[in-house]
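Read top to bottom, the protein sequences are chains H and X.
Each residue of the first sequence is one higher than the last, beginning at 1 in this note's numbering.
Each residue of the second sequence is one higher than the last, beginning at 196 in this note's numbering.
None of these hints come from the bench; they were simulated from the model.
One or more of the hints may lead you astray.
Claimed, not checked - Stretch by stretch, here's where chain H covers chain X in the computed footprint (C-beta under 8 Å, at least three residues):
id : segment
1  : 232-240
2  : 255-261
What the hints assert, rightly or not - Take a look, some chain X residues computed to stay more than 12 Å from chain H by CB distance:
id : residue
3  : E202
4  : T212
5  : R229
6  : N243
7  : E249
8  : I289
9  : L291
10 : D322
11 : A378
12 : T380
13 : N381
14 : N433
Heads up, the beta-carbon is just placed ideally off N, CA and C, and yes, glycines get one too.
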Amino acid sequence: MKDGDDTSLQQARCGDRDAFRVLVERHATAVFRLAYRMTGNETDAEDMVQETFLRAWREIRRFDGRASFGTWLHRICANRTVDFLRSRNRWQPAIPPSGPIATEQEHDPFRNLPSQLPSPERAARSAEARAMLEPALAALSEVERAAFVLRHYEGLAIEEVAGALGVQPGAARHSIFRAVRKLRRALEPVGSTSL
Amino acid sequence: MIHLSEEDLILLYYGETGAPDFAQAHLAECPTCRDAAESLARALGVCNEITAPERPPDFGRDVWMQLAPQLGSQYRPKHLFPLRIWLSAAALAILLVAVFVAGRLSRPSPAPVMAGLSDRARERILDIAVADHLDRVQMLLTEIADGNGGGTGSFDADRERAEDLVQEDRLLRQSLASRGETATTNFLDDVETVLTEAAHTSDSAAAPYVGSAQALGELRNRIESGSLLFKVRIVESNLRNEDQKL
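Bound-form chain H, shown alone (with noise of 0.2 Å):
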């Protein structure tokens, strides 16, 4: 729990409104951070963002403080994610695989990658992988691209990730193989050329 989230908490839970807001605006980043990499998408990704603390503040009275308030915030998250995902029943990238290179500087999930390479390679490298990932990534289940996000960017245990989703540990670990195997895959040759 970070901290001054104990204070906050527990006046938000009195209905303290101003309190709240102390905590909306210190995990709202994080949050955010889950379901863009859940959604792919970032309107998708602020729209979680919405409905986690809309669902936070009406459920407040119910966290037991057995796990991190900020914990806590990512499974809603996690689970309405999931929800809205197979209520379309799809992946949204926010830029189109096929897209051309330039206009995708902006979004370029790569374009922080310390790398020794001179740019135009590593450009096109970066742009060779993100080619590779986003349909691995549309080919997730939904469950499947939630686990993977909450064990390999959230750093959740398998455990953890099994509580998060509301499945045993074994479907939870599956979930995770399938997901990596896949992936794997998808970027082995991305991968095999950057070192």
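On the provided structure of chain H, position chain X as indicated by the hints.
Just chain X, lined up with the frame of chain H:
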């Protein structure tokens, strides 16, 4: 030599338990498995570089500005509604018992308290109770159909309301049946089926979601496709109109 499986390598990569005890030692001495582990790490390393778009420093404030207007109208302290439900259910139960007792005792020895109540008056009281009940049902079904409770908010709270309404519905339905009100009795039976379904649909925020979205979707479809809300409004309106006529 037995090599490590891809699953074992994934567990090792993430530092999870579950890989064989000999896995680390095997990895150190088996070039084949070491190559496989490095290949896996390279592929996943590409994913590691993905970053979400940066948000401006005041992103949290922007989120709050959009969120704040929605909180006031939709935040519902959890204890208020159940208290109201229980109070109305208790009042209803007392009323029904009184009506029942008065009905049983009116011929041989009219009870002084209910002596002034004609059969018609008792019917009116029951009609009002049913209309009030349908009003509460309407509120709940509207929230579920709109997704206010189930889609973005606490469906758990709605489920508890549904449980309360099932009990209330059952009491009223039995009273109507004893009065021979077949049409309204059958309608309350339909309502009770949907309420029971709502009472058994789970969508807790941090609880299992598997199946919950589908169940909730089916429930919403059922509410909408059967024009249930419309019928609830009509029956409620008819009951209140009857009351006003009298």
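Each hint tested on the structure:
1. Three residues within the 8 Å Cβ limit are the bar, and the segment 232-240 of chain X against chain H gives 6, so the coverage statement holds.
2. Counting residues of the segment 255-261 of chain X whose beta carbon lies closer than 8 Å to any beta carbon of chain H gives 5, which reaches the threshold of three, so the coverage claim holds.
3. In this structure E202 of chain X is not separated from chain H by more than 12 Å, as the shortest Cβ-Cβ distance comes to only about 5 Å.
4. For T212 of chain X, the non-interface assignment is contradicted: its Cβ lies about 9 Å from the closest Cβ of chain H, within the 12 Å cut-off.
5. No beta-carbon of chain H comes within 12 Å of the beta-carbon of R229 of chain X; the shortest separation is about 14 Å.
6. Not every C-beta of chain H lies more than 12 Å from that of N243 of chain X, the closest at about 8 Å, which undercuts listing it as non-interface.
7. With a least CB separation of 9 Å from chain H, E249 of chain X falls inside the 12 Å interface cut-off, contrary to its annotation.
8. Taking the minimum C-beta to C-beta distance to chain H, about 31 Å, the non-interface status of I289 of chain X holds against the 12 Å cut.
9. No beta-carbon of chain H is positioned within 12 Å of the beta-carbon of L291 of chain X; the least distance is around 33 Å.
10. Here D322 of chain X stays apart from chain H, with its beta-carbon at least about 35 Å from theirs, past the 12 Å limit.
11. With a least beta-carbon separation of about 37 Å from chain H, A378 of chain X lies farther than 12 Å from that chain, consistent with its non-interface assignment.
12. Listed as outside the interface, T380 of chain X is consistent with that label: its C-beta sits roughly 35 Å from the nearest C-beta of chain H, beyond the 12 Å cut-off.
13. Distance check for N381 of chain X against chain H: the nearest CB is about 34 Å away, which clears 12 Å, and the non-interface claim stands.
14. Distance check for N433 of chain X against chain H: the nearest CB is about 34 Å away, which clears 12 Å, and the non-interface claim stands.
Hints 3, 4, 6, 7 from the list above are not met by this structure, while the remaining hints are.
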